[in-house]
Amino acid sequence: MRMIKNKAGRLVPLYVNGIKQIPFKGVDKYKPKGRKAAPAIPSCVDFPEAENKLVKNLKKALELSGLKDGMTISTHHHLRNGDMVTNYLFDVIHSMGIKNIRWFPSASFPCHEHLIKYLEDGTIHHIEGSLNGPLGKYASTGKMEGTGVLRSHGGRYQAIQDGEVHIDIAIIAAPSADKFGNANGLYGKSACGGLGFALADSIYADKVIIVTDNLVDFPCVPWQISGNNVDYVVVVDSIGDPAKIVSGTTEITKSPDRLLIAEYVAEFMDAARILKDGFSFQAGAGGTSLAFIPFIKEKMKQKNIKARFVRGGSTKYLVEMLEEGLTDYILDGQTFDLEGVRSMRENPKHIMTSPFTSYNFHGKGNFASMVDAVVLGATEVDLNFNANVVTHSDGMLLHGIGGWQNCLYAGCTILAVPSFRDRIPVIVDEVTTLCGPGDLIDAVITERGIAVNPARKDLIKKVKKSSLPLRSIADIQEEVYEICGRPAKPKLDKRKVVAVVKWVDGTLLDSVYKAAE
Amino acid sequence: MYGDEIEKLIRTISSFYELTGAEIEIEDYGALPYTIAARFETAYKRIFVHETKEFLLPIKKGLITPTSKDRIRRSRLYLPGNEPKFHINAGLHKPDGIILDLEDSVHPSEKDSARILVRNALRAVNFYGAEKMVRINQLPLGFEDLKSIVPHNVHVILIPKCESKETVIKVNEVINAVKKEKNIRYDIYLMPIIESALGVVNAYEIATASKNICALTIGLEDYTADIGVQRTEAGLESFYARSVIVNAAKAAGVQAIDSVYSDVGNTEGLYKSCLESKALGFEGKGCIHPRQIKITHKAFAPSPPEIEKAKLIVEAFNEARRKSQSVISIGSKMIDPPVVKRALKILESEKQN
Chain A
0 MRMIKNKAGR LVPLYVNGIK QIPFKGVDKY KPKGRKAAPA IPSCVDFPEA
50 ENKLVKNLKK ALELSGLKDG MTISTHHHLR NGDMVTNYLF DVIHSMGIKN
100 IRWFPSASFP CHEHLIKYLE DGTIHHIEGS LNGPLGKYAS TGKMEGTGVL
150 RSHGGRYQAI QDGEVHIDIA IIAAPSADKF GNANGLYGKS ACGGLGFALA
200 DSIYADKVII VTDNLVDFPC VPWQISGNNV DYVVVVDSIG DPAKIVSGTT
250 EITKSPDRLL IAEYVAEFMD AARILKDGFS FQAGAGGTSL AFIPFIKEKM
300 KQKNIKARFV RGGSTKYLVE MLEEGLTDYI LDGQTFDLEG VRSMRENPKH
350 IMTSPFTSYN FHGKGNFASM VDAVVLGATE VDLNFNANVV THSDGMLLHG
400 IGGWQNCLYA GCTILAVPSF RDRIPVIVDE VTTLCGPGDL IDAVITERGI
450 AVNPARKDLI KKVKKSSLPL RSIADIQEEV YEICGRPAKP KLDKRKVVAV
500 VKWVDGTLLD SVYKAAE
Chain B
0 MYGDEIEKLI RTISSFYELT GAEIEIEDYG ALPYTIAARF ETAYKRIFVH
50 ETKEFLLPIK KGLITPTSKD RIRRSRLYLP GNEPKFHINA GLHKPDGIIL
100 DLEDSVHPSE KDSARILVRN ALRAVNFYGA EKMVRINQLP LGFEDLKSIV
150 PHNVHVILIP KCESKETVIK VNEVINAVKK EKNIRYDIYL MPIIESALGV
200 VNAYEIATAS KNICALTIGL EDYTADIGVQ RTEAGLESFY ARSVIVNAAK
250 AAGVQAIDSV YSDVGNTEGL YKSCLESKAL GFEGKGCIHP RQIKITHKAF
300 APSPPEIEKA KLIVEAFNEA RRKSQSVISI GSKMIDPPVV KRALKILESE
350 KQN
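Line by line, the protein sequences are chains A and B.
The opening residue of the first sequence carries number 0 in numbering that gives the first Met the number 0; numbering runs sequentially from there.
The opening residue of the second sequence carries number 0 in numbering that gives the first Met the number 0; numbering runs sequentially from there.
The hints are simulated quantities; they were obtained by calculation from the structure and are not laboratory data.
We treat Cβ as the ideally placed atom computed from N, Cα and C, and that holds for glycine.
Do not take every clue at face value.
To give an idea of the chain A side of the interface with chain B (calculated C-beta under 10 Å), a few residues [said to hold, decoys possible]:
| hint | residue |
| --- | --- |
| 1 | L259 |
| 2 | E478 |
| 3 | A487 |
Rough simulated footprint, nothing fancy, chain B against chain A, three-plus residues with beta-carbon under 8 Å [as the list claims (entries may be wrong)]:
| hint | region |
| --- | --- |
| 4 | 417 to 429 |
| 5 | 479 to 486 |
The shape of chain B in the complex, shown without the other chains:
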């Protein structure tokens, strides 16, 4: 049904790369134009390895959305970067963020292909308001990823297996260089993933390594492997590490986000696990299946007493503002500004639920 259109696209890309006299065979399984373009560019660059030009389709309207450092991040859905069929409808499941993954879910031989596809996806796929995150590869491969994706409206970069502040600094250097080169003004935030014993030890210095860090998170599959234990449902083996992450994040004034819950079929287990994360001080969790999102949001939703209390605080805050009072109080109890901020956040997340 799209044969003519596909041919037109391939001809456009061919002339972009000044490719002539080539025999091109396309097997159509219903891929969308951004995927076809990415696959063709990959094939081309695998033959002409020194080619650096990028073929970019026009950015689709409505896809440039803002984000902020302290937006709500209850759920972030992992999407394998090289599997376009999982990209298209991901936003319909309403995660707070989506992660286009270039790291563990992409086979080492397909890193080039995934990088191009993710770049195109950032420009073509509507994620319906979800924050757009990309998990890059470990450095130095991650540098290539950054060069490719930074100019295309990515909101958050996830740094895998982060063990020291130097990694964060190096990532930022590349981001800033690309931003300068391409004259990009939007903020790009970082979410380092702590996945080792050393990373846990250095959690605070990582969390404070740069102002654009929005959250600290933990990857428990790798962490438990690093300390040489099995990951269990109860999670006692990671209790210390998770507490350290929460504490470091809070000390640094950034969000603490928990690992993923890997048993997709066990919705009750997921709910319990999220409640436990929340009780430890985490503000969100990773999701590996869209069906986990709703449950995660439900678990991280503020409880009725929390909402009631937040309403009282916000009312007192508004009252004080009306009367131009500098001190906010409920009855005889004084309210500090961070408490007000937290109350506003609770009401905001209640609204989103």
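Chain A with its partners taken away, still in its complex shape:
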């Protein structure tokens, strides 16, 4: 495999799955030219009388869509680990004897372990999307036929819009839909909140199939997905397992160390003068990115201020903020629990957003860049503040990028991470896989202290008089090495690239190598 060193100093392949690549050129340095991609022009005369797009089953819909070997099929992760549509879809594709599919999910989950057999028998050629859990392990050990391509949520939209990925057939699981193909995630037994991740697919794919377990009379409102873009509608018994779609009880961590980090995050945001009337922040659904919210709320109440908007990952904690008047709006990219779903259904100030508005590199601006502060996690961060979210220190692919890369553009990007996990240091000399350039990461907050990126002199000036435990990142690393010892280098086979990490602009940021099993 021919490799080239990119601007970040990482070796990346010239070709991936036979397609020529552009190496990373630096943050905001690469701007593609030309016009956006577009699907073929449809005609309404091709659609049946009374616009009834119902077909009897998914196999029929795939046949009518002209499914062939080697096509690109997209699915979406709003049903999260409760998704039953994708597994069923590939059962059907397999039964039709189709091979070499490029699967283009917005994310994958452990429930998709079912698909390993289709990777093995050649039904699926490779995955372009997050490689987590069992699929990550499968790909990491070099078993996938093609090379995985990892993109952020925004990067996925960039690839669709500039034609890098042309979707032949998009399959959109919909908790509610009508026969015309209007669909939303707000109602029905499989309600999941917003369907924003499927929006670009519905517009740019050649064929769009809605799969629902809750067919309602026309019109299905609000139509998060517009029936104008839909070719076929299929009704099944169940699209997902409700208990796994929304956890119902997204709870804040009880770990005292995580809570300490969360407390530092809130104090840091205060010291950095981010907490002022009309500010905004983005929260997630896991670990510390949720746990800092109660600390922030307490400070907001003390200061008698409110946020103009919060972005999420909506959970009951953000919904409480909205309902208590601590924020004017929730701009929701993904709805994590039942309270989030309820709020989006009932509250006009809880707005569904999509990667078009939030993250898109080919947009005329995006929301992620407008947020005052974002709190993110990472598996590793190095002495230059470069960070990794996709692989563990042993080189194994275990997480997707999600919106993480896109969120780095916030006014203040905070990585809230433990200084080590199960003896494995999080602060390393060099990240195993580069996912986010250190230029965009402003502070690393651990339970052992806070390191501000030396390039952010303005930020340092603001926080240095606080009582926060400010340290250099090397100083924290040294202490962790004192506790854990220095870890060995991961055993990677540098001759075999199993996946590549794209930057938000579509250039190649890094390679993921085959790891020892």
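The hints should help you fit chain B onto chain A, whose structure is shown.
Structure of chain B alone, referenced to chain A:
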């Protein structure tokens, strides 16, 4: 990531015990070297029961810290002795003291394992300046604990279910013997825990049983069980016992430290309970969760009028010293030395808050 290092450690310990030809299986869940060494030593000693040699890793730098009899002890965090995952970051939550517990939080079948782990933890874990305490088991099992931990920089020994001065004296005999044998010079202080009706009756004789007693404390779970009542939020059932403890401690010139507040989720209840303890004369409280520490410190912090008064007293004291006067006074009011000492303590604790 640490496979090679773990193997090296196991080989070192094996050769220390002259163990050869053994098949050793290690499951790695991210334990630190001090834990791996302790677990291996335990496994070895369970097979070779007469083995007495201790495998000690070198003591980590910066871990030998001084303490003093009257240092501030607002909070002391209980850590189950046999759960290393709770040890590592305990000091980050800034308790005044940590207690590595060998008693109630350790299953009877794991006492050997916990003793070795706690010994290693005292030498390997940085508690970031917290006073290092160990709660030993009731005697005679506690004697084994003492032999194991006394040589490894423990600051305070907590004596559970203490009912008489004889227990204190016996504990001290073992401590002194071990200190003599190992040529140890640092002071080790004692904190007897009164947990029974009889203990309450004998509180004063316990508090005065030895010069190295730094504090008297009470364990309310066992005390309420002993007198046959339920522990309540209001705590009326233990009011007498707690008052006796405070009074005995103050009469003996040692600190009075309150029991733990067990409802971890109830931060408001904890704060109220600490204020009440402080009002009764206690100087600190036990904590069973790191999130209780900050609240406890806040509650035991001196109030603004207390701080103002202490500042005036210390100023008068300094003034008198400058003028080489033997009598300290504010206006026409004379100040006794203990009052000055208390004022200095208040200002010190204000600084720590």
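For each hint, the structure was consulted:
1. For the restraint placing L259/A at the interface with chain B, the shortest Cβ-Cβ distance is roughly 6 Å, inside the 10 Å limit, so the hint holds.
2. With a least beta-carbon distance of about 8 Å to chain B, the hint placing E478/A at the interface is held under the 10 Å criterion.
3. Proximity of A487/A to chain B holds as hinted, the smallest CB-CB distance being about 5 Å (cut-off 10 Å).
4. For the region 417 to 429 of chain A, the proposed coverage by chain B is satisfied: 4 residues have a C-beta within less than 8 Å of a C-beta in that chain, meeting the threshold of three.
5. Restraint check on the region 479 to 486 of chain A versus chain B: 5 residues with Cβ-Cβ distances below 8 Å, three needed, restraint holds.
In this structure, none of the earlier numbered hints is contradicted; all agree with it.
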